[in-house]
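Asker: Next come the chains, spelled out residue by residue.
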Amino acid sequence: MSDARLLILVLALPFLGSILAAFLPTRARNAASFMAGLIGLIASALLLSFYSTLATGQTVRHVAPWLPSLGLDFTLRLSGFTWLFALLVLGIGTLVVLYARYYMSEEDPVPRFFSFLLAFMGSMLGVVLSGNLIQIVFFWEMTSLFSFLLIGYWHHNQSARDGARIALIVTCLGGVCLLVGMLLLGHIAGSYDLDVVLGRGDIVRAHALYLPMLILILIGAFTKSAQFPFQFWLPHAMSAPTPVSAYLHSATMVKAGIFLLILLWPVLAGTQIWYLIVVTIGLATLLVGAWSAIFQHDLKGLLAYSTISHLGLITLLLGLGSPLGLVAAIFHTVNHATFKASLFMAAGIIDHETGTRDLRKLSGLMKFMPITATLAMVAAAAMAGVPLLNGFLSKEMFLAEALESQSGTLLDWALPILATLASMFSVLYSIRFIHQTFFGPPPVDLPHTPHEAPHWMRLPIEILVLACLVVGIIPTLTIGPLLQIAVRSVLGDRTPDYSLAIWHGFNMPLLMSVIALVGGVLLYRRFGGRLNAMTNSPFIGRLKGRRTFETVLAALIDGASALHRMVSTKRLQVQLRILIVVTLAAGSIGFLTYGYSVGNGPTIMLDPIFAVLWILGGASAIGAAVQAKFHRLAALAMVGVAGLSTCISFIWLSAPDLGLTQLLVESITLVLMLLGLRWLPQRLPEFWPGGRTPFNVRLRRGGDILIAVAAGLGAAAIAYAMMTRPEPEGISRFFLEQAYHGGGGTNVVNVILVDFRSFDTLGEITVLAIVALTVFSLLRRFRPAAESVELPVQQKVQNAFDAGREDREHGDTAAHYLLVPRVIMEWMFPIILTCALYFLIRGHDLPGGGFAGGVTASIAILLLYMASGTRSVEARLNIQPVRWISVGLMFAVLTGMAAWLAGYPLLSTYFSYLELPLIGDMPVASALLFDIGVFSVVVGTTALILIALAHQSIRTPRAPKPEKAPDKIPDMEGDT
Amino acid sequence: MEAVLALAIGVLTASGVWLVFRPRTFQVVLGLALLSYAVNLFILAAGRLRTDAPPIIGKDVVDPTLYADPVPQALVLTAIVISFATTALLLVVLIASRGLTGTDHVDGEDDQ
Amino acid sequence: MIQSPDLPLWAAIIVGIFVLLGASITLIGALGLIRLNSFYERVHPPTLGPTLGTICILVASITCFSTLQSRPIVHELLIGLFVTMTTPVTLMLLARAAVYRDRKEGSPDVPQE
Amino acid sequence: MKRILPFPLLSATLFTMWVLLTGFSPGHIVIGAAVAVIVSRVMLALQPEPSNIRISSAIPRLAGLVFVDILRSNIAVARIVLFKPKERKSGFIHLPIELQNPYALATLAVIMTATPGTLWLQHDARNRRVLIHVLDLVDESEWVDLIKNRYERLLMEIFE
Amino acid sequence: MQHLIVAPVVLPIAVCAVMLAFNERRRMLKRALSLATTAALMVIAALILWQADKTGVPQVYLLGNWSAPFGIVLVADRLSAMMLCLVSVLGFTALLYSFARWDRSGPRFHVLFLLLLAGVNGAFLTGDLFNLFVFFEVLLAASYGLILHGAGEERTRASLHYITINIATSLLFLIGVAMIYAVTGTLNMADLAARMATVPPEDLMLLEAGAAVLGIAFLVKSGIWPLSFWLVRTYAAAVPPVAAVFAVMTKVGIYIVLRLNSLLFGGAWAETAGFADNWLIWAGFATIAFGVLGILSARTLSRVAGHYVLVSSGTLLAVIGMGGLELTSAMLFYLVSSTLSVGALYLIIEPVERNADEDDIIPGLEEPVFDDEYTGAIEEEENEKGIVIPGSIAVLGGGFIFCTLLLAGLPPLSGFIAKFAIVDALFSGPVISAKAWILITLIILSGLTTLVALTRAGIDLIWTPAEDSPVHLNVTEIVPIGLLLAACLVSMILAGPIFSYMEAVAADLGDASLYIDAVMNAPRAGEPEMGEAL
Amino acid sequence: MNWPILALAITAAQVLLGLAMGCAVYRVFRGPRAQDRVLGLDALYLSGMLLLLTYGIQTGRTLFFEAALVIALLGFAGTVALAKFLMRGEVIE
Ligand code: NA
Ligand code: NA
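Protein chains in written order, with the UniProt record's numbering: chain U, 1 to 976; chain Y, 1 to 112; chain S, 1 to 113; chain A, 1 to 160; chain E, 1 to 534; chain X, 1 to 93.
Calculated directly from the structure, the hints in this document are not laboratory data. Backbone N, C-alpha and C define an ideal beta-carbon position, used for all residues, glycine too. Don't take each hint at face value.
To be verified - In silico DSS-like links for lysine-lysine, alpha-carbon gap of 30 Å or less:
(1) U:K570 - U:K629
(2) A:K84 - A:K148
(3) U:K367 - S:K104
(4) U:K629 - U:K796
(5) S:K104 - A:K89
(6) A:K86 - A:K148
(7) A:K2 - A:K89
(8) U:K570 - S:K104
As the list claims (entries may be wrong) - Covered stretches of chain U, as calculated for chain Y (at least 3 residues, CB under 8 Å):
(9) 52-62
(10) 595-607
The following block holds chain U by itself, in its conformation from the complex (with noise of 0.2 Å):
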């Protein structure tokens, strides 16, 4: 009797240990080993401590909740069939351990291969012991991860990257089928839960989502499986380390998808589809694995192939829909098991100690290795199905399952037929397998001197040796309550009579077992000598899966960059065409539902200068865009023109502050432009070879007409269709009425900027800030083209002036042009600063405001650098626009949470009006605060961006030009 929170610790250790052997030192070969041995012996026996339980045909579950919203608990389950098959993970696991550390060279990172390894086991044994549908799915998808970990061990392989790559696609690829199936499971058996689930087979295989789901459950198991046709992935995996194949492909991995298959037999099997499809595709790997057996020259090769086939074998097994089948399959997998592990060993012994696994060099092994070939021989005969051993016993079992089959089709009387020829190409590489290793002449030129190997590296292969020798002598005594136990806990009820016996007398499957056998024998004789010459398995060499797979996977990459760039672009002009048409699509479809209406509320009579303006500004913005190619600044005086009706428009409208910020904007946009423009390159008028404008470039550009028309018209009949209704009975209101009373000022625009919406303005001074600190960095590392970076032409000109003429000097004309301009601006300095502090104080009141007045004190600037230059203002002004921009947004931020104190939220205000003596009344409103910050953040991005852009006129070029170097390094940081 064991507690069921036990299974908790099975599970767990070999993860403990994994992450235990990560942290181990690169080089402690024998500390990760012994641990990684040790976890293997408890976990067993752990595991062997269930015995007594589950030999009552009891299932030990323990739950422990993990998503219920989802139906999904953290489930472990044992029944007899998930006990046996658990040992069988940690037995041959353990053994692995064993012969892994005499395996692995101490030149590798051994600890990280144990880490992987007993995390790869955990994985194992958490699909085994998963009692819900999703879990299994979860550990499963581990044993991918974990295998191609294992597998890509020796990364610097470029097959063992290909092998594990491989490997991990295939798998995957068959996960997801396998999560998607599993989750139909569940959907159809209406829980995750495996006990559920084994308990409603009727539902779920009458159920019209049974195909669908099978298939997706079957592509995993098959995947996983290496079944035909996903068999390809597992003989590249053979660049694994020996011990791994060992691993993977004797009890674990591969036979994650039997033991799936087994697990949900009850659910699944006994349809004729189910019966169709797994016989067809059993039969076709035991065949075509057998087949390509024959023709490996590489030892590894060689079992892996035979490993796809006695796969397919047990698949086909379970295939039959038969208990007894299930039974035959269970004990395969146990022997297949046994057998498998032990040649692979022998297998890494013979390269370990001659350096090669090529049975065409490889020859006359017996004399140096005695044990060793003695225990490759009986295995080898296991898997031949040679009598006294484990394989005998189920391959009987197997040949006798097929001659019952009774389905009705063609399979009937061509399965028994089929099945003894894959047993006879069995028996025929068992044999070469021996053969060409350990007997014949001497061998030759071999990497190096074979000699035995190490015995504790034998001492698996004996145990395992063994087992197959005890199984097949006597199983009845051996494996046979435990096939019992695990064969009750699948069928329950249903499950059959059989015998373990030897002998069965005289009967047709030992007539074919026999047949097998010698017809195996004298194939070898009389072929055998030719296989070493052959490159390639005849027929089925043809088929090179990998090939494909790569071929495939090349070509579903190639189809879908070409797709891709199909569907994509890299163009901005066509990203913005997409925009706007897929804007105008969406837009209508408002309109395609409801239809357009013209609404019927007041509207207001027609100002003749009004429709004057627009003749204007409309004309001026069609001219803008015809000219902006060729004739920037016309471009830019008529888009200007488009400005200035927009800002009187603002005005006509009763938006007093929109026109006169609009208006401020407009002259700093003009300056900025006019800096930009400076960098940008001449533009010739185009020409087209022929003096015709090609045909696609006329298409396109009727096309952006056509969109551009579109949208205009669209925008219009929108804005027509707003401005005719009736208002809303809305938020303004509140605004209106509560201006004065609830925010202190009489200019409700601005109320609603530093105070109802203040929290809007914050967040545009945090632009107007992040911008100018973007154009400052960006602008250190500013690069200009090469023909931009020296004078402008026109200053060139002047200076050759200047200098060719001795009455000049250097400079002259610019300062005689600028003379009197610059008396006048910079005199206007101050007045124009003071104009800014008004807009500021009003703002409140009337039109202005922070953003007005921080504009306006910019241009002050701006008007101060084109006056008297970059160098002459900064020996005189030191601005430090960061410190401004840090300073307002401070003060707002301070102002807006000051708020705080007296309890209430964020940038609530204060007012009130303080009667002075002598002043009078004063409106005091904290509101005021804020919008002084506005002005210091305003003033200092403006300020900023424009120098940082004027800047660029006098950075020196590296080429070293010392008359042009700068006086004074100006300080931008505002730190001196």
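Following the hints, complete the assembly by docking chains Y, S, A, E and X with the ligands onto the known chain U.
Answerer: Quick look at chains Y, S, A, E and X with the ligands alone, frame taken from chain U:
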């Protein structure tokens, strides 16, 4: 007035969109400038048109029907500031791009 | 159409006349932009607007608001001052730039330095 | 006094400007004074060329003269625009000039340019001459005389 | 602590104001300030989450003490709180990562970074449509600065496209807001939702057109096909920590779509219910498909990551369109998981690729032609070699594998649960619709293609022997990646409680009246509870 | 009293100013040289300023005064920049 303003918005939009589709960075910047005029007027239009009714109130009881809707105006004001900032940034980026790539094509490479 | 402000007749007459006068003078100046043939000639007439045109309209404005609010409202003078200070700056810079450009192109109409 | 109000004329201008803009409330007179004092100190940093304007009767005389000239030339230019008289001829004049004070030059430039029909182009400090453009260039010497005798003299009186 | 709600926005702005007062040379001070700020943001977000979950009703903050719908309100409900947590975790880790050297490849990194967080937080919190625009602009402006951080040709080119498209999109945003205001007269999202039912039928065309135009603006940000061609390139051009936080930017668009779709078209009002659903579904499908193609054809890891961002956006949008409680909660889990994982991937790409090509450490960071005359001393690009930690390849490889698992939706990290939950929810109805099958297929395809692409790249970059010199890793590079992966691992282990939270979020979203009531009845400070509505 | 004749006079003045703006825009369009366009733009701004002043008179509000003030005081910044650009090839040296 409404019809004139609607047409104005339409013409500004159409010109702006056309320019935004052009391959030279400067054209795109001008296009965005025109579009932002259009959008600002559009937002103002969302509050319906009023002449001679600026939302600057007296200090006594206020009759809201006498004033233009102040909300769109506040929104436009914010929008003006933000679009000014982003236009400035775009301008700087385009001259930086021109410096690095040697062309003023929006894709940083001439297609012909 | 927007109603006119609430003014006594004498003020209305003054305002009306000066507004029309200012606008007309400005228009004449602007017409110069169309009618004159060379750039250097066209530079001159636009100053009609900033000078006399502005003065007339400012007079109208001062009259209007001083009457409306029954106290002298003379801040319009600032506009006059600023326009007088700034317009010459732009015109002289612009004209000088034009001279430079024409000279560079070898135009015979502009004097050599 | 010089330390508090380095530029008294500027401060006065700013103060007047503030009061004109905001109205004659006592509060704004205080603020205006403060603004006038503080902002005018910005000019200290800019280190403008010193100006020593002599307050004399020359200022109103100049103002009157300019006003009348502007009126006259407005009419003259309007006539030219409207009727495009055939005999008219426009042209550039190089004008020798004694003035050196930049403020005087600036004032002259503003007057010339603000007066329709004449346009100040630039002052050549080395050769002491200005370049102007005249819309109706009947007689070059007449213009030289006008500027030298009417404006330059008054300006010398005020600025030098 | 009622002011907690506003802290995620105001704190970074205030800290930036202070930081700007210091010279750029005070690097350690700025690092300390910004790290402390992001750490504080994590704590604040956690507190807000705790508060939101505890009370179960949206917490409303009346800015300026003006009641809704007149003033701007911040609303912290379960959804916003969750998004705040997500962005703060990503922000903290990316910032830490930047200390490896990225914060020195240009000036003012910390300010821009913090302001980006402020913008994103503002967008998640605000309950006002126009304020949303403002915070979109804040985050966009900061993102412009950050994408340009480090300068170089590719960054400049990419940002030119990025900025242009976003400016155009912002204009669309404004148009949409204006149309909605014209019809409803309000900007407050709750008020808007409440007024939906009273919109006269003849105004519906404007309302829907406005919503559609607005939707385009959000969808551009969330990376929908065919409006997202800029995204991959932009993200790839950005320096790694920036790209990592950009992973959350598409989620801002998604968040808004989710929020507005549930508030305005959530079915409270029959006329326009489900207005956007079908479009979202098909656009989402197209986006996933496009992302899958992109992942397959990607030649660099950052392009894989970028296309994965698209895949995740497409999945989220399609699922939003399909709706339903279970699907929504699964979608929210996926949102969190995919954001964290793609953030981790962006962080790990650079060290992984550095291994492959040692001499191209900071691509595009060329010397300027001009002498730097501003302050100097900022960008002495000492290519500081990290500490060679033992097994740096192993750490890198492990991290990369974890990222691969996350993105491909494989166990044992949260990607698997997310994928499972979505597919499970799709199967949960009595009939599995064709759309569900398409989505499942696309999800699976995207997982597989991600696996194929990342394995290929990972094998080439990590396993292929090129290790003449060991990879230099900084602790500040490993720790953030580790933190993000740990977050994914934790969200796998704690999937149960997280899922019940997500279900609560989904339930909140399903009931618009909860949000509307909380906002519209939020009391002003200094007034009795349920103060008179103004 | 609201005198219709005054309203008419102001409207007429506005139309005259509008025509003046039209002349200026004509110059902006026609060129032929950049300086002509700049000159046109400058004249346009001045006419616009006067238009705003007449609008102030028309409405009897002083609210539009500041906009006019801005044009008077700062409108020349753009023109100066354009002129400098033509003359020197860059706006700020
Ligand atoms: Na041999
Ligand atoms: Na003149």
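Asker: Provide an ascending list of the numbers of those earlier hints which the structure does not satisfy.
Answerer: Hints 3, 7, 8, 9 not satisfied by this model.
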